[in-house]
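> So the protein lines, in turn, are chains A and B. Plus 1 on top of the position in the first sequence (first one is 1) and you've got the working numbering. Plus 1 on top of the position in the second sequence (first one is 1) and you've got the working numbering.
Simulated from the structure, these hints should not be mistaken for laboratory data. Backbone N, C-alpha and C fix where the C-beta goes; we use that ideal spot for every residue, glycine too. Errors might be hidden in some of the hints.
Claimed, not checked - Selected chain B positions facing chain A (Cβ under 10 Å, derived; list incomplete):
#1 E11
#2 D12
#3 G30
#4 R43
#5 T48
#6 L106
Number of protein chains: 2
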Amino acid sequence: MAVYTDVTEEDLCALLAAYDVGTLLSYKGIAEGVENSNYLLRTSADTFILTLYEKRVNPDDLPFFLGLMDHLAANGLTCPQPIRRRDGAALSTLAGRPAALISFLDGAWPRKPTAAHCREVGRALARMHLAGEGFALHRENALSVEGWRPLWNQASDRADEVEPGLGAEIEAELTRLEAAWPAPPSGDASADALPAGIIHADLFPDNVFFIGERLSGLIDFYFACNDLLAYDLGIALNAWCFEADGAFNLTKGMALLDGYQSRRPLTPAESDVLPLLARGAALRFLLTRLYDWLATPPGALVVKKDPLEYLRKLRFHQGVQNASGYGLRPAAKSRQAQGTSSS
Amino acid sequence: MAVYTDVTEEDLCALLAAYDVGTLLSYKGIAEGVENSNYLLRTSADTFILTLYEKRVNPDDLPFFLGLMDHLAANGLTCPQPIRRRDGAALSTLAGRPAALISFLDGAWPRKPTAAHCREVGRALARMHLAGEGFALHRENALSVEGWRPLWNQASDRADEVEPGLGAEIEAELTRLEAAWPAPPSGDASADALPAGIIHADLFPDNVFFIGERLSGLIDFYFACNDLLAYDLGIALNAWCFEADGAFNLTKGMALLDGYQSRRPLTPAESDVLPLLARGAALRFLLTRLYDWLATPPGALVVKKDPLEYLRKLRFHQGVQNASGYGLRPAAKSRQAQGTSSS
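Bound conformation, chain A alone (with noise of 0.2 Å):
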């Protein structure tokens, strides 16, 4: 939960005034993203979020993702689209920081995903994958394997202070993945090359809108970049398919999974690499858990998410042979079993 600015209602009139959107009928700080600051406005046309990037979001970072929001919606993704300013910029300057209106997505994140959520979700990955194709500008994952070591340096010391052996375990892990991890894309299309583009990289519960059964649309792509393909499944699987009390649910994953190959199916190469993919993506949200958990002081205004609840995903994934594992299923028999074609 996070409103880290605050905003006047005059300097907020002075920037909807560059808009075409109505007058300021009233604005609440919402308690969601942990990033940056944002706001419900309602004026006399329409609802908005305004989202104001505070400190950890890169300003030159902002037209990748304002831009990808734009392609996306473009190539028929639901998903907030930033409004632009009668001078056509997307981007404005608030209390100081860069700021977007961006249009309101009905709908709410399910506290409690189902294997239908589950499908829902892998269908609209997998829709998000191929709306990506195309678009123009390129942002490097600054959060998959070359970023996980500069990390795991900054916290390695106090690890042991979470659990006594982590240290050890992390390490062990991390050299592990780092001599195992594919190499990035070389632009060959050589037949074992794994595809890549644009990935969400951060598609938890909350980022993934409901109304009902049917998913309403996809948020915050403010993590969002180019890498495989697959390891965006492999975060999706962390986060969806797992129980509170850390159980995987091959349900879940099968469903997932269907839904995904509903609308691309995996190539050989990207089923072979998945577990690893699963396993880095679980190791991947251990290291910034651990470290927002050292960091964080104690009076900060934020809910500091536990590491070890990624310590024991990734211990299940290091016991995963192969991709059936999280229930991968020929695309064919995916797509039979469901009883449609790709949709």
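Knowing the structure of chain A, use the given hints to seat chain B on it.
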């Protein structure tokens, strides 16, 4: 800012089925109110606030609070109103807590109040005092003079941690105020009896909404109670008429009091006692802030408000000789200065 209790969509939809308010489109936790959890809800019919009452609110008080909103709105005050369920009840249960669905009030609270805002607030406060007449329920003010010493007893040991000498200063002031405080209204209508009735008791800027310069309504009646009407004015002087540097702004004081008297002129007895009541109001907020400051654990998700802001205000009040020190003018003169008859 606060969302203490998260709500699942399933539970929320089940709740909404008891009301005639359409189907759920979205709900977002909002960063307003420090006592309760609040969600902004959009349904196919309208926009609402959903409030979950957390443990600092006594459930026995809820019929008073919700009934008061109904009563005030029925008597012409613009304020949120509880939405009735199909079975006629205004109170529900959600996530194990008492919960109410409340109408949404457009407007934004003024971050930088001007004298024009203060005049409107004065008018609205008088209007609320008049609209409260005839409300059948009664609620003692737990935070009036009888409540201060029990609160002080829980904080006095550690007061000097906040500022050396604070303990002795508060002790002396509390003793003086206990001796000088007007007796509770006895029900007789003698000439010098102080008018009592329903007071808001927490009319700070974040509880008053404006659209532009126009006051659009009052919110947050969860401290409302029966007490001296002029005490509410003492609270409002503290809440609205001091600058960030601690200086009392006489222009704002005059505007607030003129605005109030344009709808409800003070009696001579009220004018006489106003400095004492404003001083008591400063002590009341000093004590509750001090208590919260000392009691709040370092990791808690609330912003701690500085008690010393109210020590500075208290010291100002100690030097005020009579109500003209706040800008009080005879009601006839204030009406003349405004160039309007009471409207």
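> Each of the hints needs a verdict: does it hold here or not?
Comparing the hints with the structure gives:
| no. | hint | verdict |
| --- | --- | --- |
| 1 | E11 | holds (7 Å) |
| 2 | D12 | holds (9 Å) |
| 3 | G30 | holds (4 Å) |
| 4 | R43 | holds (7 Å) |
| 5 | T48 | holds (7 Å) |
| 6 | L106 | holds (8 Å) |
Consistency note: the structure conflicts with none of the earlier hints.
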